[in-house]
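Residue-level listing of the chains:
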Amino acid sequence: MIITRRLHVQTKGNTDIVDVTAGVGAVAEESGIRQGLVVVFVAGSTAAIMTLEYEPGLIADLREALERLAPRSIPYRHHLTWGDDNGHSHVRASLLGPSLAVPLVDGSLTLGTWQQIALVDLDTRHRTREIIVQIVGE
Amino acid sequence: MIITRRLHVQTKGNTDIVDVTAGVGAVAEESGIRQGLVVVFVAGSTAAIMTLEYEPGLIADLREALERLAPRSIPYRHHLTWGDDNGHSHVRASLLGPSLAVPLVDGSLTLGTWQQIALVDLDTRHRTREIIVQIVGE
Amino acid sequence: MIITRRLHVQTKGNTDIVDVTAGVGAVAEESGIRQGLVVVFVAGSTAAIMTLEYEPGLIADLREALERLAPRSIPYRHHLTWGDDNGHSHVRASLLGPSLAVPLVDGSLTLGTWQQIALVDLDTRHRTREIIVQIVGE
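Residue numbers (this note's numbering), protein chains in the order written: chain A, 1 to 138; chain G, 139 to 276; chain P, 277 to 414.
Looking at chain A on its own, in the form it has when it is part of the complex (with noise of 0.2 Å):
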């Protein structure tokens, strides 16, 4: 059995961390399978599905260490290309990667207790993202 949702999720933009955690399990407990696999996946070049403990201390430690990983400031070579400012969007969103794999156990995800899903939109400005949540399952 395969279902197939798709979440849309309004997002500020600048490396914005947003728990998605509640509508990733609405999906699984509104297909009524219990015993499955839980796939998580954003559609772009921009943005990242990650897993953390959801907490405005440690969003703002991962924030400082993307902006170590990729700085905002130095010269990206996409710029040339189409005139952007968010080179560093693109390579923070390709080392984090744009999906997820999650079990389903017994109707529940089997998430640790302090461990939510998170969208990450890395892009330079707000948008409105779409998540797309597959479980394949019985």
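Rather than coming from a laboratory, the hints here were simulated on the basis of the structure.
All C-beta atoms in this analysis are idealised placements derived from N, C-alpha and C, irrespective of residue type, glycine included.
Which stretches of chain A does chain P cover? Using the computed rule of at least three CB atoms under 8 Å from a CB of chain P, they are:
#: 1; stretch: 41-48
#: 2; stretch: 67-77
#: 3; stretch: 123-137
Here's a subset of chain G near chain A, in silico, CB distances under 8 Å, partners left out:
#: 4; residue: G182
#: 5; residue: L218
#: 6; residue: G225
#: 7; residue: S232
#: 8; residue: S237
Starting from the known structure of chain A, arrange chains G and P on it as the hints suggest.
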């Protein structure tokens, strides 16, 4: 056909990298599934799943790379939230990710000869970690 | 229904980033599967799968980011193990990861318009790489 099994792994913490390939392979073998997808997932926000050539030199190199990526000694705002000392653990775990999908073909994991699956415990103390191995196949 | 196909890709090594989207899409189309999960996996511990906007400026930016993450010129203990010169290749590959899961909806990969799937060969020489494309669906 969907099979879910839990592996329990003792770790020493502090970026302990533990080879779990044999455990994952045993779940695949016992399942009787010949073709399908194997997902390896660790619950918790201070651990990760990765693949690597599991040899001591490279393990040391990876630990140094993670220390560059999220140094233990810099300040983390997460420490102010809970009085914790593991901000770097969370950041490293979120950047590496908790999940891995490996195809199973003719009953074998399609890993390279020098490619093992490892649990990485990034927390600052020893832990018993739970890994969920789920196989969707036939 | 489960379909597994192997793609063989010639690379130049040294963080060669090769667009494999068309090959993966062709496997999906030939499978006849309309709804399901597509997993793209590369065997080996010095290669990775990522998504990116595949354009030359960004490819250069990503190569520079990987050089910051695991510089080629610093010492690696892996070199002492085998007399190899590819410690940075292993570290980069382990941090990026060998696997990607993309939902297939109505017979199409749910990638963004500017989002391609790439094989990244991080080794220090040219290689023929094997990518495994597995689709679980209906």
